[in-house]
Each structure stands twice: as structure tokens, then as C-alpha cells.
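Our numbering numbers the first residue of the sequence shown as 823 and each following residue consecutively.
Be a bit skeptical, because a hint or two may be false.
Only pairs whose alpha carbons sit at most 25 Å apart, straight line, appear in this in silico DMTMM-like list of lysine to aspartate or glutamate [claimed, not checked]: (1) 961 - 924; (2) 956 - 905; (3) 956 - 924.
Here are the computed distance ranges between Cβ atoms for each label pair [as the list claims (entries may be wrong)]: (4) 835 - 910: 39 to 45 Å; (5) 900 - 875: 36 to 42 Å; (6) 900 - 836: 35 to 41 Å; (7) 827 - 898: 39 to 45 Å; (8) 827 - 983: 18 to 24 Å; (9) 925 - 827: 37 to 43 Å; (10) 983 - 958: 35 to 41 Å.
Since the hints were derived computationally from the structure, they do not count as laboratory data.
Glycine included, each C-beta is placed from N, C-alpha and C at the ideal position.
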Amino acid sequence: MHVQEWLGTIPPVSVYLLVGLVIGLESLGIPLPGEIILVSSALLASQGHVDPWVVGVCASAGAIVGDSIGYAIGRRGGRPLLDRLGRRFPKHFSAAHIATAEASFTRWGMWAVFFGRFVALLRIFAGPLSGVLKMPYWKFLTANVLGGIVWAGGTTAVIYYVGIVAEPWLKRFSWLGLVAAVLIGLGSFLVVRRRAAAAAKAHEAAAPEADAVAATAD
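Put together the whole structure using the sequences plus the hints.
See below:
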């Protein structure tokens, strides 16, 4: 069963609680599909099953509270915490991922916390890593609150209005037309990718010749 269909089978209050809980746990540092739950709930709101305002508020609250708890855990646990997370969730907390996130946070500080909310990998790291790196809490809290509200509220609003606009159009087209549109889009993507690959090979083939000409000139 599709996530959105499953959410439609449970009471609205359960949807609100689930949105806040899943996003909160993801923000805390546990790799869960918070964005999928949020998008599915926003689409459900566009169909009138739940209130988009409540979805947005619950998502924002979950993001802010989860990140704050993650910050506290990271500050107390330090780098050994990242090592334990790496052993438990090697796919998400590998040494390479940690190094990438740490470089981003060291360079950008508050902006990494704010914009990290929009990137799946950094969204998981934001709270714990900010605590491990001892970012001043007022800076973290400011970026956390603003990022949580903009990401959760913005995502809910965009998906909600897209769902409202798209629903009448989807009703007008048959499934055959929808499949044809998907196939056309996929075919265009494959053509573009093939041309890009050919251009890359041509560039690689031309590089040795250019080097040889330069060496002869020297």
C-alpha cells in the first residue's frame, strides 16, 4: 500500500502525531523517511483529509524539537557518539559522510544548519554534529528554528497547492495518457544522458592529443 493511501486510513490526529514523531526522530539523528511522510501528508491535505496548517505546525515542531535533542546528545556524547552511529547505521553515518558533513558545518556554521534542513544527509547530521562541534547554542537554535519552519512550512504549502492544482488535470487524463507522458519523459532523459556521455568520451579522447601538441610545441 502506498504511504499516502495508508495515511488516509488512519484518523487525522494520528497523521499529525506521526508527522511530528517521524520528523522529530529523523532530526534527532535516526535515519527515517521524514520527508516522505511530510510530502504524503501534504498531498493528503490537498484532498481534504487533514488540515495543512496542522501538518505544517506538527512538522515544524518535530524538526525543531528533534534537532535540539540531537544537539544536546551530540554535545554530551562527543565524537564517540558519531563512531557508535557509524557502526549502527553504516549507510548513513559512514566516515566519508561524517567528514563531508563536518567540513560543511565547519565552513558554513549556522548556514549549514539552516540549509542542511533541505538536504537529506545533512538533515540527519544537523543536530548531533552541531553538538559534537560545540556550536554555540544560540546560533544553533536560531538556525534550527528558522530552518525548521521554512522547510516544514514551505514543503507543506508547496505540495498542498501543487496537489490542488494537479488533481483536476489528473482526472481529465486517462492512465494511458499518463503512462505515455512518463515514457516520453524517460526517453528524453535517456537521450540527454547518452549525448552527455558521448561528449565526455570525446573530451577524454581529445585530451591526450592536446597534451601531445603542447609537448611538441615545447
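Taking the hints in turn, this is what the structure says about them:
| no. | hint | verdict |
| --- | --- | --- |
| 1 | 961 - 924 | 17 Å, holds |
| 2 | 956 - 905 | 17 Å, holds |
| 3 | 956 - 924 | 12 Å, holds |
| 4 | 835 - 910: 39 to 45 Å | 32 Å, violated |
| 5 | 900 - 875: 36 to 42 Å | 39 Å, holds |
| 6 | 900 - 836: 35 to 41 Å | 37 Å, holds |
| 7 | 827 - 898: 39 to 45 Å | 41 Å, holds |
| 8 | 827 - 983: 18 to 24 Å | 21 Å, holds |
| 9 | 925 - 827: 37 to 43 Å | 40 Å, holds |
| 10 | 983 - 958: 35 to 41 Å | 37 Å, holds |
Checked against the numbered hints above, the structure violates only hint 4.
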